Amino acid sequence: CSTVQGWFESDDEDPTAPVKLVDIEEKVKIRKLWSVGVGNGQGKGLYKLQPVMDGNTLYAASAEGEVKAIDRNRGKTLWKTDLDTGLSGGVGHYGDALFLGSSDGFVLKVSADSGELLWSTRLQGEVLAPPQGNGNVVIAQTYDGKLQGLDAETGEKLWTYDSDVPVLTIRGTSTPILNGNTAYAGFANGRVVAFDAQTGGVLWEVRVAISQGRSEIERIVDVDGRMALIGNELYAASYQGRVVAIDATAGRKIWQKDVSSFSGVSQGFGNVYVTDEDGTISAYLRNGQGLRWEQDALGYRELSRPTPVSSYVAVVDLEGYLHLVSQVDGELVGRAKAGGGGARADMIADGNLLYVFTNNGNLIAYEITARS
Amino acid sequence: CSAVGFPGVYRIDVEQGNIITQEIADQLQPGMSKRQVRFILGTPLVEDTFNRDRWDYVYTRRNGLDVLAEERLTVTFKDDSLVDVSGDYTPAAFGGSPEAETSQDAGAAS
Amino acid sequence: ETFQISDIRVEGLQRISAGSVFAALPVGVGDTVDEYAIRASARSLFATGNFDDIRIGRDGNVLVVVVAERPSISEINIEGNKAIETEALLDGLKGAGLAVGQVFQRSTLEGMQMELQRQYVQQGRYDAAIETEVLPEPRNRVSINIDVDEGTVAAIKHINVVGNEVFSDDELEEIFELRTTGWLSFFTNDDKYSKEKLTGDLESLTSYYMDRGYLQFRIDSTQVSVSPNKEEVYITANVTEGDKFTVGSVDLSGDLVLPEEDLRRFLLVAEGQTFSQQLVTSTEEYMTRRLGNEGYNFAKVTGIPEVEEGSNVVAMKFFVDPGKRTYVRRITFKGNLKTADDVLRREMRQMESAPASASAIEQSRVRLERLGYFSRATVETPQVPGHDDLIDVEFEVEEQSSGSIGASFGYAQDAGLILGLNLQQDNFMGTGKRVGINLNSSRYQDLYNFSYTNPYFTEDGVSRGFNVFYRSTDLSEVNVASYTTDTFGGALNFGYPIKETQRLGFSFGLSDTEITAGRFAVQEIKASPRLLDGVDDWFESTQQDDGSFSDVESIIPIEDLPFEQLTIPEEPGFLDENGDNFLNWTITSSWSQSTLNRGRMATRGTANSVSLEVAMPGSDLEFYKLNYRGEIYFPVTATWTLRLRGELGYGDGYGDTTELPFYEHFFAGGFGSVRGFESNTLGPRSTAAELYTTRQPVTGIDEDGNAVEVGGPNGREFGYVSRDGKLLVETLRDDPDPFGGNVLIEGSAELLFPLPFIKDRSKLRSAFFVDVGNVFNTKCASSQINCFDVDADELRYSVGVGVTWITGFGPMTFSLAKPLNAGPEDEEEAFQFTLGRGF
Amino acid sequence: CGYLFGDQGVFRDKSEDYKKAPDMPVITVPEHKDSDALQEIYPVPPVENALLATEEFEVPRPTPLAAGAEDEIVRIQRLGEESWILVAEAPGQVWPQVRSFFASAGIPVARVDARAGTMETGWLALESAAMASRFKVRIEQGVQRGNSELHVLQQNQVGDVDNWPGSSDNVEQESEILQALAQYIANSAGTAPVSMVAEQAINASGKISIQESSTGESYIQLALPFDRAWASLGRGLEKSTFEITDRDRSSGIYYATFLGPQGEDDDGWFDWLFDSEEEHPQAGQPFIVSVKADDESNVAIFLKPAAEATAPLEKRDRQALLTLIKGNIN
Amino acid sequence: CAGNDELPDIAADTGEQQIYEEAQRYLRSSNWDLAVRSLQLLESRYPFGKYAEQAQLEIIYAHYNGYEHEAAVEAADRFIRLHPAHPNVDYAYYMKGLAAYTGNDDIFSRFLPTDESERDVTQAKEAFAEFNQLVSRYPASPYAPDARARMVHLRNLLARHEILVANYYFRRGAYMAATNRGRYVVENFQRSPAVADGLAVMAQGYILLGLDDLAKDTIEVLALNYPNHPNIDKNGNFKSVYTLDGLQRNWINKATFGLFFPPTPPQFDTRPKL
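Protein chains in written order, with our numbering: chain A, 94 to 465; chain B, 735 to 844; chain C, 101 to 939; chain D, -18 to 311; chain E, 152 to 425.
Bound-form chain A, shown alone:
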């Protein structure tokens, strides 16, 4: 009768099941200022459409093609437009222009003031990350492992860089960083490459992780999450690989630690924050002296990119809970329910204001203040 029982007993302690939340002593007050709905949010394609902040306005886009500009103070919608195409990558911003990627492989330049479409250029692959602009060139990364340079004015293709894509990857691509005339991008083959934004020439290339193991699954080493650039230090993390600190000009590895992260790295308070796929949030000292603290109470809860806000670090888990841990010792200090089926998009922090864009399309503003 073993077969019959087999059906009903649940997967006994499946090691990778998300951990149950335990009550914590709230040391921080998280107040919701306002919340604005933006279309259907991330849609079905596991997209990561991220809002962008410019001064007092937030620009957000949703998978079905709606783009909104929202006033940060009171969450009032300044303008709203509906581009009649599905969106998969966005929202890039530079000057008075927004850059979006459509799920049909187009890069769109939209006016930041009115949302009017300026130009759209067709690329080969899905654009899953916000294209970046620096006034004269626009960089877009596509899911088929290519990085495209387009002319900011006309949208005409300038150059293309092609990286070899392994058979099986993690859904999504990393977000390229455009700093002046150098562009940095992380690829699915576990490497970070620096380019001359104008000509597309490769400045340097650093391997973040080496794929090993036998099955396709064990060989995934995507650099998917957003990288962090501060001064001359570039931090990047890969799946089933390492978090790496790179000298941005020389392209030399400064230090590296083993980690498996798909949601990206951030830096603050002298630390580099990264969330591992097994749910531990680790803070490494930027100077490479090693681990400052580690918080593993949120095991396997598919945490988003850790975002420093005031003196805390915020993450959102798969059920949409917003957690705050202290930047000093990683202790869990606050929790709030953002809902919306989680929030894959990277959060934006400004002072003690935190903007979260939930998967079902709510852009929520929080104010974080320490409890007296």
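It should be emphasised that the hints constitute simulated quantities derived from the structure, not laboratory data. Since the structure is predicted, the reported quantities are computational estimates derived from the model, not experimental observations. Incorrect hints may appear among the rest.
Pairwise CB distance ranges, derived in the manner of DEER restraints [as the list claims (entries may be wrong)]:
no. : chain 1 : residue 1 : chain 2 : residue 2 : range
1   : D       : D(-2)     : E       : A280      : 15 to 25 Å
2   : B       : T810      : E       : R232      : 50 to 60 Å
3   : D       : E295      : C       : D247      : 52 to 62 Å
4   : C       : P485      : B       : S815      : 22 to 32 Å
List of simulated lysine-lysine pairs, DSS-like, C-alpha gap at most 30 Å [as the list claims (entries may be wrong)]:
no. : chain 1 : residue 1 : chain 2 : residue 2
5   : E       : K276      : D       : K(-5)
6   : C       : K182      : A       : K113
7   : A       : K239      : C       : K330
8   : C       : K297      : C       : K344
9   : A       : K239      : C       : K257
Note that the Cβ used here is the ideal one computed from N, Cα and C, for glycine as well.
With chain A's structure known, arrange chains B, C, D and E on it following the hints.
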């Protein structure tokens, strides 16, 4: 009458042997090797056990007892070189008149 | 230093034989060996994989090899596997060299883990986890426990085609076999990713475009990725459609062998048409097959589209390479374990030592399947090695029992339990002859029949055979007018083909039929009212006003019953007119045509047969019966087929027989006819018999005038009752039985559909059907009810579903049907089931 | 029903026809005709003895591998005044044990010839002996497959010391060494080392086998001299539950009645030979077992039912009895 | 759950000897599948015991007798793989041959009057190949004589099959096909008795094809080797049984459209009545 039984019994044609045309036969030149002849005429379906140097290209098509078509061509070699070609399609090179008489196509009276 | 080996001694051997160790050693007795040779022999011994540890030393000039054998595996047990059977896993392991009794090595353990992981990844279970545990056992053996956590199968969450402008995403998604999780996915598993399916889908995507003019369509790249929790799969295909092309010119080149217009007939590609890869491929196929029929078995036709620069026009060039004319060297058969070689060979339309013809070979294969002896016939034409223009033709058949020796047991509702010993063998002892010895008895019929037919009496298929039979039926049992027939007779039959698929048949039969009408035989059979045998006197009794009858004055023997006492029946019964014993000799001629693709359970083709049975002049009864039966199959989709079936029958007497004898009437209803009605119950009814009333007289007067108990000492006598000069008549009340008629019109339309789980469709068939039909009589007796001349709106309709399954005992069929317009007299029967008799 | 099932009948039993399948010579072709095309695509290779058993064919049982139901590995056997050690291991395994016996006993080994299977010690002075003596151990294959025999020869250091005498000068010394050697081998059984040379030189396929005579009668072929064979046959018959009623050594005949399995509870190793559970068909039958010497080191043993035997001896039963006896001769 | 109706489970600790005895009793009482089960049990529990090899051999025997021929072949293959140099390995080869030889005949087929040469010959080819393995590797094996006799029988059967097909093609009127089948026998089946009929078929075929000089040569060989062949008359020339205008038919046959008393077509079949 040769009809075995009821009038109009449907009988299939029984075809046997290699199909040869004058045009193919004319390509034969004396002294050709067996391989060359085989390339031109194809594999002979009658290759006698006791006469390896003689190939017979016989073609017959019958329906019951009526002979619908019958042609034959015999090729003989002498230590791997073609010496004689005889039969319905004697090629010019072997003394056949250029337009050899057409094969008797008239079927025997049924 | 080196030394010469005087002897080699091996120590520590348990299971491995000394011989295999000596064989593995590169050195032997008498060799001089040095340090290097010793290390080499250690390495080669280690390579055998049987030893954990090898030490080679010297004892004087004796080379001493001390080995420690590796443990062997005593058992492997696997828990936690549900998706993949344990046997399948064990087979996989055996492939990786890991099985009970094998030598256990650490490396094979990793190999095993990888092997199991691979099997699960292949099933899309990306997050399966496998732990292994090795437990030492006594006598240097180990047992291995494997604990599998199969994880969940990654389901496809999102499929995105990038770069499609002409066709919408939904339109393209339809082509894909891989689908995002839908409500049926738990059942069809179409949302489970697999590499093969993806490649297949990409191919169908390419051909979808190429068939619609997009010659230069190409797929730039595809990405497959998983969600971080490895439970969802995302697929993206990046395509470039290119422009739409139309066909400019079409021409043939190369050695056409046939006149150009012969081949051009097969050209599906025409000028001005949108380019379609599909049409190009099928053109190639038809031309190759046509050349095959001409004996060019290795012909190759390739269609090459050449794009004219800068324009959207393409010039189609078909290049024909006939290859050499091919001949068939030998034809061989495989799988005919019971059937003799010439039974198969005589079906051949392709001869040996003859030009090969693809159509003749295919025709031969179909003829083999049409025999009904084989469930499947396949053919291959390999090239004879060393001759590029000779092929062998190899048929492989799979025999199925085309009959059975031994008792057959059947149950049918209309016939009750059918018991019988029948040796119905279409392929008797494999000789291809049809022999039938049927000894069947059922509730209403006993049938003893011996039949022998040789379908190939001559090589061309002239068939010759005979059969003798004795049949006695008591039709009252099966709701047909109560009479019994006893027939015996025999027939000689011949048949011969007049075309590839048409045959003529003749049969000269002699039969003696005897009808005994039952007491209550209906009027159509025996005139009514009638006297009952066994009642031989009558008496007059007048009915009093209080309804009772006066006493009997006198009993009078029947013989001197005055004639006028009887009422004259309006119409004579059949037996009255023709007597009840008929010796007929009949000639039946028939034409039949069949292009069905299978002897049984066909799915394609048509079959028609017309037969005329005439009871020749000079027989006791002179009548004829004309019968047409036909069926045709239309494939509706790849797996659904529409089958139309029809049957017409007309019979009538001629010469001095006025009507078709009633025992030869057509019947309808039930299986093989109009389902949903009780079998044989449609159409004209018989009128119940009218009998002179009989009654027992209560008291009577004996001849010398005193009252006496009529009936004598031993029992009651019966007598007829008459009133005012006429014998009283009473009609039987039992319900009128079906009587059949001389005109039959019947047909049905069936939609054959595949049952989801059934793979072998030659064994089981299911169908929705609409049956229509009825039996009519051109000469209805005035009193017959439900009897109509041929009249379309009297046709009965029924609709339902039926399943036939060929079991070891023969076909088992059941059907569920709902009559739509049953008449008042028709008896309905929704569920019908029979075993041992096909429909 | 001869007609139906008899030899010419319709339902003739065809399963024996293959024995009469003719094998014809290749056809001769007149010299002016080619004959190179004639070949055989199904050639039938030759066989050593193409003699076929005439009786009805029966699917043969696999012959038993190694007999020897006894458990002890080492036994000393005597015949007359000659004795030797019988070891239930292949010569290849016994050889190294003898070497290690001499090494452990500190007896110097003078000459070793693995191919001939002999080992000779140097001259050594045993305490009780008056003069030095030396020993020669000869290893040869045993009667049964996988067995081996150890013969010891002792020579005193007197007279012609260069070559060895026919039998030991001093028999006590010989049996003393014999005992010691047997004891040593007995307790070093199990993971005994194997010597390659000995293994390959002395083939261990046994000296006894069952053959079939030209008349199709099977008999036991035994590679032992007559007297040794006579003795071991006697012992073998008793062990095979035969009761020897009389013997005539000069004409080489044992008169023995077969008792059959006496219903001892655990059926003997060979009970699979006798078909029925109940009384064995041949039980109680008298037999004549004759030993005929083919040459001075080979004998043939025939089994015939005695004149007064009641049950006929079919082929199967003769084969079974002979296999039983063969298994018990060693 | 319900225990399956397996062999009454022999207690786990029954010794090697008892299981083997158990198997012998089943073998003796022809209880083949129980014998197989206990032998397999013996092998799995004591894979390296002293009875293991013997048990493997007896499994082959038991399967064969139980008419499970595929299983017998499998067991034999396994033995050959495990003990390639075993003194009794010839028995395994022999049983593989026997299994292929009997193929899927059942108990009756040895009595049925069916002629094997008419049926599927692939089974005969397989059996020939298996026996060939035995005889060529172990000519001295006690099973070699029986195997060789069967090989000769199989070869003759394969040759006879060719002649049967030739006879059919003569009836069919495909004379070249018949001739080539005859030639195939003469060229490939030397030493088989069917060669005589092969030559007769060739001669008859050549005559019908009008190749008289080829016919003459063949007849010369036939007369030389088989003077008393039914188609050779006393002074050595060929009695042709087929003519180009069909078989002679008696008047009844003609009158009844060929349906009654048809002429029996001649057969080239000089198989001696065994």
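We went through each hint and held it up to the structure:
{"no.": "1", "hint": "D(-2)/D x A280/E: 15 to 25 Å", "in the structure": "21 Å, holds"}
{"no.": "2", "hint": "T810/B x R232/E: 50 to 60 Å", "in the structure": "55 Å, holds"}
{"no.": "3", "hint": "E295/D x D247/C: 52 to 62 Å", "in the structure": "59 Å, holds"}
{"no.": "4", "hint": "P485/C x S815/B: 22 to 32 Å", "in the structure": "26 Å, holds"}
{"no.": "5", "hint": "K276/E x K(-5)/D", "in the structure": "19 Å, holds"}
{"no.": "6", "hint": "K182/C x K113/A", "in the structure": "28 Å, holds"}
{"no.": "7", "hint": "K239/A x K330/C", "in the structure": "24 Å, holds"}
{"no.": "8", "hint": "K297/C x K344/C", "in the structure": "27 Å, holds"}
{"no.": "9", "hint": "K239/A x K257/C", "in the structure": "24 Å, holds"}
Of the hints listed earlier, there is not a single one the structure fails to meet.
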